[in-house]
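Residue numbers (this note's numbering), protein chains in the order written: chain A, 1 to 575; chain B, 1001 to 1589.
Since the hints were derived computationally from the structure, they do not count as laboratory data.
Do not rely on the hints blindly, as some may be mistaken.
As the list claims (entries may be wrong) - No farther apart than 30 Å at their CA atoms in a straight line, the calculated lysine-lysine pairs in the DSSO-like style are these:
| id | chain 1 | residue 1 | chain 2 | residue 2 |
| --- | --- | --- | --- | --- |
| 1 | B | Lys1240 | A | Lys123 |
| 2 | B | Lys1302 | B | Lys1195 |
| 3 | B | Lys1015 | B | Lys1108 |
| 4 | B | Lys1279 | B | Lys1067 |
| 5 | B | Lys1240 | A | Lys9 |
| 6 | B | Lys1229 | A | Lys96 |
| 7 | B | Lys1216 | A | Lys123 |
| 8 | B | Lys1362 | A | Lys455 |
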Amino acid sequence: MTRLLKYLKGYTKESILGPLLKLLEATLELIVPLIIAMIVDYGIMGDGGSSYVIWMSLLLVLFGAIGLAFSVTAQYFCAKASVGFVARVRSALFGKIQTLSYTDIDRIGTSTMITRMTGDASKVQNGLNLALRLLLRSPFVVFGAMIMAFVVDPTSATSFAVVIPVLSVVVFGIMLISMPLYKRSQAATDGILLKTRENLAGARVIRAFCMENAETESFSARNDALTGIQKRVGMISSLLNPLTYVIINLAILWLMELGAIQVDSGNLTAGEVLALYNYMSQILVELIKLANLIISITRALASASRIADVLDIESTEVSGNVTDGSDSEYSVEMRGVSLTYSGAGAPSVSGIDLSVRHGETVGIIGSTGSGKTSLINLIPGFYPATEGAVLIDGTPVGDYSTEALRERIGVVPQKAVLFRGSVRDNMKLGHPDASDEDVIEALKTAQVYDVVMDKGGLDAEIEEGGQNLSGGQKQRLTIARALVGKPSILILDDSASALDYATDAALRRAIREMQGEATVFIVSQRTSSIMHADKILVLEDGEAIGMGTHGELLNTCEVYREIHESQFGGGAVNG
Amino acid sequence: MAKKMEKAKPGTLGKVLRYIGRYKLLLPLSLLFALITVALTLYIPIIIGDIIDNIGTGEIDFVYIAKQLLLAAILIGITAVANWLMSTINNRIAYQVVRDIRNDAFKKVTKLPLSYLDTHAHGDTVNRVINDADQFTEGLLLGFTQLFTGILTIIGTLFFMFYINWIVAVVVVVLTPMSLLIARFIASRTHSMFKARSETEAETTALIGEMIGNQKLVKAFAYEDDAIKRFENVNSRLQKNTLSAIFFSSLVNPTTRFINSVVYAAVAFTGALLALSTKDSAVAFTIGELSCLLAYTNQYTKPFNEISGVIAEFQNALACASRVFELIEEDAEISDEGNRVIGEAEGNVAFDNVSFSYTPEKPLIENISLSIVPGQRVAIVGPTGCGKTTLINLLMRFYDVSDGAIRVDGDDIRELTRHSLRNNYGMVLQDTWLKSGTIRENIIMGKLDATDEEIIAAAKAAHSHSFIKRLKNGYDTVIGEGGEGLSQGQKQLLCITRVMLALPPILILDEATSSIDTRTEIRIQKAFAEMMSGRTSFIVAHRLSTIKEADLILVMRDGHIVEHGRHGELIERDGFYAHLYKSRFPTEE
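So here's chain B without its partners, still in its complex pose (with noise of 0.2 Å):
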């Protein structure tokens, strides 16, 4: 009811109508069956009526009823298999545009660039490709179905009242506007009622998901009086803006069903004194040409009232496809169509004057150049949050130099396609990531056509064949997302057994953090070693023995490369390495 009233973008009615268009076969059946439908439920009171006329004569002919229900009972027919038909159309035609509009928006989602995912909430985008396309498929259907039977409802009641009698049909005419004038204002008047509740509901929620999600915080600084306090005062402003809210929005239906009766009291009131008036002449108004009005008057005001609804849903199914078309419509990654084909590197990565920024105002990377030969290692080092991150996605292309070149095996990676040149990359992130699915499809991300023994070879180079064994269903045991019902040891050992599968010439590490146990780390440090040795590889490094053994140790501070060189000669600089050093370590010295 108090659905939040966002505007659809001009021209997302046409987007969706190419959509449609697809299945243009189905849409004038569906029209068709519709029509049928509408002209046969508005006849068929004309059938009654007569015979009601005919069993008022007094004299009543049992032939012609017994033929007239005959009729009738043909004509029932026929609606309910148009309506059933209409319906199962109506049905196709919505599900199959929004599923193809799903698809166009996952492919879109696989496609975006990651400075669109990494500064986009995810939760917004998945808003969009599943609630959003959800409530599109409603709006659609009801537009489909009551949208189109309403008016038709409305015009053809109007012509059967007209052909019936004008002036019973102008009484109604003028008397059902106003339910909906009703309806309207009462909408309008509860509408910032229905806000304050839903304000008042997200501050509930909020404060119930604080306290409660935290409730052992809570307790432990023995707040829960002044946490009843607070939900009460929420609580009881819930109660008070609910109850006006349910209330006032609830007077619609007894106003309209109200303003109906009358409608029908003037109907029955005209019609009888017309029935009265004309009694004797030879176009006389009948008793079942009144009951047929009824029925009729019924019917009429039925699509009226909901019309305004179904009007409101259609604009809302609309605003909620344009912020669908809006993620479509997103700029894809540049392409990389014609690009060349890398093969399997020897492992030769430069950076040629590379400068690199997020945004223009904060330049982070300024002309690094750097040459690191195959089988070299680079740690990377510096206090959290320094941006180390920056590096990886410039190495695996997830963003673009702003100037210069990065260039593998004197290719700049720009020149490559994506994929050949990812392939080229191994990657272990800290942020261990796992798709829901079994441990062996986990596995064998990086080499779809790996065998059995493949992957039991990877598992035990990696240190992850012992725990995957305990496993109730060993490799095929299925995980869930994000690898939950794993440790955090674990997730990353199958991360490290990925790599391992596929051994690319370029590595990507980021070695353990406290979340691990000291004897997985162990197992992590030798899975690392024995996956380095005659590779070239990037370490995220928190070791004293990585770091040391580097051939180059690039400092980061603030997203910046601020020094780079080998352990010893940044010591002997005596700048922000031997200072993160001396703090880090300080009995070392």
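So here's chain A without its partners, still in its complex pose (with noise of 0.2 Å):
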């Protein structure tokens, strides 16, 4: 928390004349029993008359009133200060998150950012919120009331002493067993959710092997597990009620015993031994309250430092300032490159030399897992060699600034992700200030502008995910997206495997046919999709393990031989 404490500043006032207002309301409350005790000994069995508890009970409403305006003041105050703080601190996370680099981004995870920026914030604000208006003014008003009896009468008042530390030890003890059996009766909803989640998705393999009742008896069971762990909890938590309500009276009863005493000693008025019973009153409120605000506030206070955590990263992020090339005859040369990403035992690309022209199509295809994202993602720098060299227009990846490299690549990734809003706003979403003519241009080269018209033109919405485009579609439209800024070199990292082998052999000749002949890169698991490619590179684990033309490779490379004969049927399996 200490490390977030600086988003709290401009708050500082607000912080500060919060928590004291609600102080100043509490402090009214605790002379409320006063006054009804001196309507009790002077207005009644005194000489004050009806005009005394007039003015006293005017007095009453007076405290009501001022109570009213602090807490409403506090109130604001602390909103204003908890909210503003969480948001600064959003706004910050969001910003580190841009900073980071693709290596970061693979250590924390997209859904742990997630959960900081969401769960974990509007915990934190809820927290603060009620730490401000509560941390100080539950303790205050139990111990206030405490100090008040024994203003009142320090012999009665021994039975506060008493009575505090043994609720405090029930409330926050049932609180403590409590709550890990919450947590196991979470995890038992957790395992419900699941069984049921499964059934949905797994419907017609469940169905296809009769296991409809297998299933539903394995619900039942975790069904009533979950209903015997929340009967535990139940029983448990329902003895706080009780026993608070037994440790008070108790305590009254005592008070009242003690009273009794010093009332016929002459040391206390019936007044005030009503002042006793009503502070009594007021500290089982008031620490009940302290109890949930404390589990609020440790669950805040978690979320705060995860959140610490995340701003507290030093981003391994490193770009140059060069914008130009310098004149070189190949657009692509890798020398002797390795990448190992980190923590990872061993590396995922190896030792590859690659030297690409300008205008030349490279193919790159292998199984799964043998490296060819990982190495067309080197191109753009998005993880830094970990050994050799990656050059483009003859000048190291490294050299160039983040803007420049963007400029001069054009990414097409795995998975097709279009966001929320316009085609045209997808479209530019690298190149702000792409015309329509740039983007109707990239649209047509990537097959796919007869179906954004038939959606309703550059303005037609993509739903949330992409969700009114087929697989295909969406893949057609980030191809156009990268399109758009004219990259002098393209790279698309299995682009096509929606597209059917028409479209796909059409998008290639589109893109062959492009001006300023772009350097591209196809990496693909359908050799159809590279074989007419200037050069292929086959990798396995990491290693180039064949390079050359289609018709050199099926004479030289088992492995790209293969690949080619399960696809076209050529006799690898005589089933």
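Hints given; two lone chains; assemble the complex.
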């Protein structure tokens, strides 16, 4: 939490005044029993009479009104400080995440980052708001009530000194015991949730294997286990009310006994006994509030420290400042390049040498996990090579500024992701200044212009996750998105897998015919997608085991031939 | 607070009561203990007031006080026990009712027609079984404990207050509803703020999910600055909306506290004046009675403040229950009770003038007649998304044909029990599904009583034994939901092993796709080949060799079977298949 405190700056006034006003309100509440005692002792029993009663009653209302004003102002300050604080923290987090490198993103994981920004942030907000409002107030009322009792009569007040620790033990004890049980009940709920989800997703298989009854029984067993835990938690947590009730009321009885003796010996008035009684009643409510508060704060603190962990990360992103490459005959060169991901035991790509001239098309093929994506991720510098050098237009990738690299290289990732918004916004993702003509040209090259026109043109809305598009349409749109900036290097990472062969072929033809002669990298599992490439690189376990044209590889590379034949049915399997 | 207020369907309460009815012995017990708790809780301040009066007289009767203290102590003990018993019973009823409802809901899930599962979001159904049921429990518990005791407390307090002094009682009765009115006023005013807040919140979450969920994409397109700009925009709107929602709703507490202190002052004032004016009369209003009324005032306003919340909570619970009931009452698939049981079939499959469509407006399969004899291979061919699963749906009777009939060994499959029909099929889909559990549990799905030897033999035949052996605990390795921890190829090999173990007479297979590496793909091909020998098989085919060797090719396009025949015939016809073939295998010409 202390690591996040700097984001509270600017809300110093609110964070101090808020709790302070709550304390003032609590002070007023503590005075009320004394006023009642005075009404009884002077107004009724003494000679104050009705006018005294009237004035004192008005004083009670006045106290209430002042308390209301204090409280409302305090709530405003506390809400303002906690909401503002969390807005800043979220903003800082989001900004921080934008600076992270691919390696950092892998290490933290996107789902973790999302949880930090949503669930954790809102827990911190609630925790801070509650803490500002109650963390000082509740103990203040509890101990204030005891101090007031000692002021009224030290002898009778000893009962307070006994009751407060006993109550605390009971309240906190029950909460401590039931908390792990709540966790177990949550885990049991997750269990039946899993079972339900599984049965929906696997309905066909379960029914094909006639497993319905077995699944129902297994669900019912888990459900019973959950109910068992819930009942046990319920039994323990429902001890809280009766136990605290007994303690507080026995304390009141004890107070009456002590009070009676003190009144008898003339040390105490009946009104004061009444005041002591009222103080005793105030303790319980505040103590329970405090216990709940401590739970929320513990959770909020855990969330806060998780958030701080992300904010403390030193980004490993590095970038140079070169904007133009040197004159080189090669568009992309790799010299003895290896890549070992941080934390991985073995390199994902090792010892790759590759020289690609301007305008050439390179095919990369290999089985899953052979390092195809790792290899092409080195070209735009998403990951720096751990060994060797990657040069773009004769200049090392690391020397370029990030902007220069993005300007030069168009990437189509494996997973076709589009953002919610219009087609136009999506197409201009990397190039906000692109004209509609540029976008249309890219759409046409990517064989998706007609689809976009059918959907209502450039203003057509793409739903979240591109739900209103088919897999093939999404892939073609992501290809178009990469083409909008007219990159000199285009990387297609298995981006045509959902296209039928005819569309795939048309797409490749259109890319070949593009103006400006882009250097194209095509990663694919289908030999038909890369067989016309100028150069084909065959990867296995991160190493190049073949390089050449389709014709050459069929003769020289066994793996390549195997892949090709398995797809074209040249007799790999005679089933 | 700003719960989406959805109305429960009429009749929901009745259904809930029917479930509660199973525990009818517990219900009156709960009510009895509630009554005891409330009555004694209200009676104890009277005893304490009496003691204070005795102290106030100046001549303190210690024997009397001791007697009263003892009585109070006993009653306090009884109250506590009754209170605990009441809560425990309520817990028991609520949790058991929800367990029963959940069991029924799940049972329905396993009986829903596939058409329901295919057209309803799974998340929504899961929500009904888990979250709606949970919220219903919460509401039911609150309703039981707080609503009932709350009402009892209000009635009891009124009774005792009027019993002690009607004038003060009237003051309380007139003033307390004010806090309720104010709370309602604030709630109605803040409703729109909460709505605005949750809308902005949803927008923020969506943006975070989209941007951070695809952070690599954002970086690849140097979109960071724009992303930050968009985020700052929603974030500041969220800050504004959250502040007003939190602040205005937090006004309820201080305001009701203020109203309560006004009522408190009014009681003190009226009580004190009464005490003064009756000081010397025989029916004096005593200080003890005043303390008692002050204690009641606190107790009385509490349930009042809570009740509106509890009622809202209870209504929400009913709305949740009604969503769960909706699922429970959903039509199950057509019963197959009384249908014939088919033993091990020979493998004749016939389509007899079959027509089918998911929706009447879009006919898919029209008047198709096919006859497949045991051991024949049927290849299903067509571009992605052409509706190959439709055929599987019909064969397995996940869906029923609209017209005509599918026959297995001459029997209309609608006249057979589903289980006996499905036992004759072995299915390996491209979309592999494994349940969470051990490898062994997944393999024996098709044959629950399989021995270890049989399992290993099947695994060897399916080429999965070597990788299973290398897993940490071999066949007892636990895999997560959806086969987490295994590669796509390994998952598919496991699914093949599953079918290999049972080896039913008819197979439905889906050939490997691009997500599997070459080596594994070759293994899968071998395993498929092994399984298919001598069995009737339907293969969603991608490989030329499979298609060429098929006894029958069904060519599908947009859900329709557009052509069928052997490879040579179809090429000669020069239709869709021929076109597809040429574009797909250009070099083979």
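The hints, checked one at a time:
1. Between the alpha carbons of lysine 1240 of chain B and lysine 123 of chain A the distance comes to roughly 18 Å, so the proposed pair stays at or under 30 Å and holds.
2. The hinted pair formed by lysine 1302 of chain B and lysine 1195 of chain B meets the criterion: a straight-line CA distance of about 28 Å does not exceed 30 Å.
3. Our distance criterion of 30 Å between C-alpha atoms is met by lysine 1015 of chain B and lysine 1108 of chain B, whose separation comes to about 16 Å.
4. Annotation: proposed proximity of lysine 1279 of chain B to lysine 1067 of chain B holds, straight-line Cα distance about 27 Å (limit 30 Å).
5. Only pairs whose Cα atoms come within 30 Å are accepted, and lysine 1240 of chain B paired with lysine 9 of chain A is accepted, the gap being roughly 18 Å.
6. Distance restraint check for lysine 1229 of chain B and lysine 96 of chain A: the Cα-Cα separation of roughly 14 Å lies within the 30 Å cut-off, and the hinted pair is therefore satisfied.
7. Distance check on the hinted pair: lysine 1216 of chain B and lysine 123 of chain A sit about 27 Å apart at the alpha-carbon level, within 30 Å; holds.
8. For the suggested pair lysine 1362 of chain B and lysine 455 of chain A, the alpha carbons sit about 21 Å apart, so the restraint of at most 30 Å is met.
Going through the hint list in order, the structure satisfies each hint without exception.
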